[in-house]
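> I would like the entire structure built from these sequences, with the hints used as guidance.
Protein chains in written order, with the working numbering: chain H, 2 to 296; chain Z, 2 to 296.
These aren't lab readings, by the way, just hints derived from the structure by calculation.
It is possible that part of the hints are untrue.
[Said to hold, decoys possible] Dumping the calculated DMTMM-like pairs for lysine to aspartate or glutamate here, alpha-carbon to alpha-carbon at most 25 Å:
(1) Z/K26 with H/E166
(2) Z/K105 with H/D92
(3) H/K105 with Z/E109
(4) Z/K247 with Z/E171
(5) Z/K247 with Z/D227
(6) H/K137 with Z/E64
(7) H/K137 with Z/E66
(8) Z/K26 with H/E206
(9) H/K285 with H/D4
(10) Z/K105 with Z/E166
Number of protein chains: 2
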Amino acid sequence: MNDLNKQMNQWIAYIEEKLEVFMPKQEQFPPVIFEAMAYSLFAGGKRLRPMMLLAACEAVGGEKEEGLPFACAMEMIHTYSLIHDDLPAMDNDDYRRGRLTNHKVFGEDMAILAGDGLLHNAMEIMADACYHNPSKKTTGAMQAIAHGAGIHGMLIGQVVDVFYEGKPLEANILEFIHINKTAAMIRAALKAGAILGGATDTVAESFALAGEKIGVAFQILDDILDVTSTMEELGKPIHSDERNEKTTYVTLYGIEKSREIACKLSDEAISIWNELGEGCIFLKDLTEYLTKRTY
Amino acid sequence: MNDLNKQMNQWIAYIEEKLEVFMPKQEQFPPVIFEAMAYSLFAGGKRLRPMMLLAACEAVGGEKEEGLPFACAMEMIHTYSLIHDDLPAMDNDDYRRGRLTNHKVFGEDMAILAGDGLLHNAMEIMADACYHNPSKKTTGAMQAIAHGAGIHGMLIGQVVDVFYEGKPLEANILEFIHINKTAAMIRAALKAGAILGGATDTVAESFALAGEKIGVAFQILDDILDVTSTMEELGKPIHSDERNEKTTYVTLYGIEKSREIACKLSDEAISIWNELGEGCIFLKDLTEYLTKRTY
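Shown next, in the form of structure tokens:
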């Protein structure tokens, strides 16, 4: 296992331990909602968004503990979005990460509520952190996350994705979906982490910009891997885009050109990390890993 | 029209004007989500939660403008909860306030996303307000609202309501549902308003306590009116609880005893307003109106 993998695994272990702490405790009534929320929150995953938030906080000289509530909130928001995306009325997926989707286990009503519950919980955790220490740092981080997740961020990406389902997409619409559905939350994670770590507005904007580039490159690579890799390598069904007649970067531009676009975005993000200096080495390695996997 | 009605109508007009301001603007892509969000947000309604928040803020000497973002956020959270409650997987209602429910007009996928969008938008508005002026007041109001809406508030009330659907309820479970599903947000509105207006912790807790009593009394009265009033008087189908074989205060205790319980809670809330003094006259009149209607 190389150094990056070791560091990622350490982050993942740390984040999963803290996610437990920030999950609501079951009280007197039906445990089902808490089970449903935990089922999807603890279903594996690379914990990229909280990892990036915490790494960005450290990269500018902050303490990771300051970022924790916001990092955990981000993962809860990400998980809520997956639960709702999988619903029968949306993508109607039966499996995610090799396990039954939330609504297949807990029913559609509880899955909707489990998603809602995770979003509520994220809001509660961040509100608590802001109240505990009301400052431009805490409220700025919450603002970055709220905007990244919201109606001009992740949510509108999902709306447009659902809206154009089964229809061919123009390149600008596909780019809009990737920028919002995937990249907005990665952008928010890096920006929020930098703000919490005490970065100036200009530096925080550099983190945000790197995040947007990483997010889009990551999604393009995902489109490519859907075509080029085997199910064993990817750990999920391949050729799903083709089966769903989905417009992707690959169907629009072909594999080679798509790889070029992703590489260019990745290199631009790496330039930003280089300019920002030593503190960003982990983020630079992570960027390489996320946007240039060739398996 | 009596004085209270006039004042309520003035509040409603003011709140509806401001809700427009705080709604996200449509940008380049499909207007459907913005239409779906607006469809339910501007479907009438008494705007009780934002009205109470703003009135509480003024009652302790605050300016209503300080409460506005939080008041509008509360109404958006309330509306999101109605959209999701009406979904086929939940209560499966076709009509609300005499109009088709959100999913009957925009489809189930867009209704889920419109609900999500309103909750996201509430979070964005409150985060912006807190960032603009990070203080114990703003973050405390956001915290009160986040907790009132969340997994130990409104949401758990809905979960328990869904969980026990079609089963007979014990009195303590019915009380739990009313306290959480209905009263938690009224409690939060009054507490958040008082905090924003500059109340001490003790006074803010008095507002919260009054809110809980009003919320439960209001819900019990709703159960009673479902049995005693005509459809013309109520403006919605009556006897719906009986048709749905729903356990209510009326099925558990009968009409007379239910009215006694509601009256006692209402009187306790009114005592709190009396103790808090002159500033709370509107809230006192509103409490009478909401918990003692006899038609």
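> Taken at face value, is the distance from the CA of Z/E166 to the CA of Z/K105 at most 25 Å?
At roughly 22 Å apart (the allowed maximum being 25 Å), Z/E166 and Z/K105 satisfy the hint.
> Straight-line Cα separation of Z/K247 and Z/E171 no greater than 25 Å?
Given that 25 Å is the threshold and the Cα spacing comes to 12 Å, the pair holds.
> Does H/K285 pair with H/D4 here, judged by a C-alpha cut-off of 25 Å?
holds (13 Å)
> Would the pair Z/K26 and H/E166 pass a check requiring their Cα atoms to be no farther apart than 25 Å?
holds (23 Å)
> Would you mind confirming whether the straight-line C-alpha gap from H/K105 to Z/E109 stays at or under 25 Å?
holds (18 Å)
> Given the proposed pairing of H/K137 with Z/E66, does the C-alpha separation stay at or below 25 Å?
Cα-Cα ~21 Å, so holds.
> Taking 25 Å as the top limit, are the C-alpha atoms of Z/K247 and Z/D227 close enough?
Measuring from Cα to Cα gives roughly 11 Å; hence the hint holds.
> Compare the distance between the alpha carbons of Z/K105 and H/D92 with 25 Å, and conclude whether the hinted pair is satisfied.
holds (19 Å)
> Does Z/E64 lie within 25 Å of H/K137 when you go C-alpha to C-alpha?
It holds: about 23 Å lies between the C-alpha atoms, which stays within 25 Å.
> What's the verdict on Z/K26 and H/E206, does the C-alpha distance respect the 25 Å limit or exceed it?
holds (24 Å)
Checked against the numbered hints above, the structure breaks none of them.
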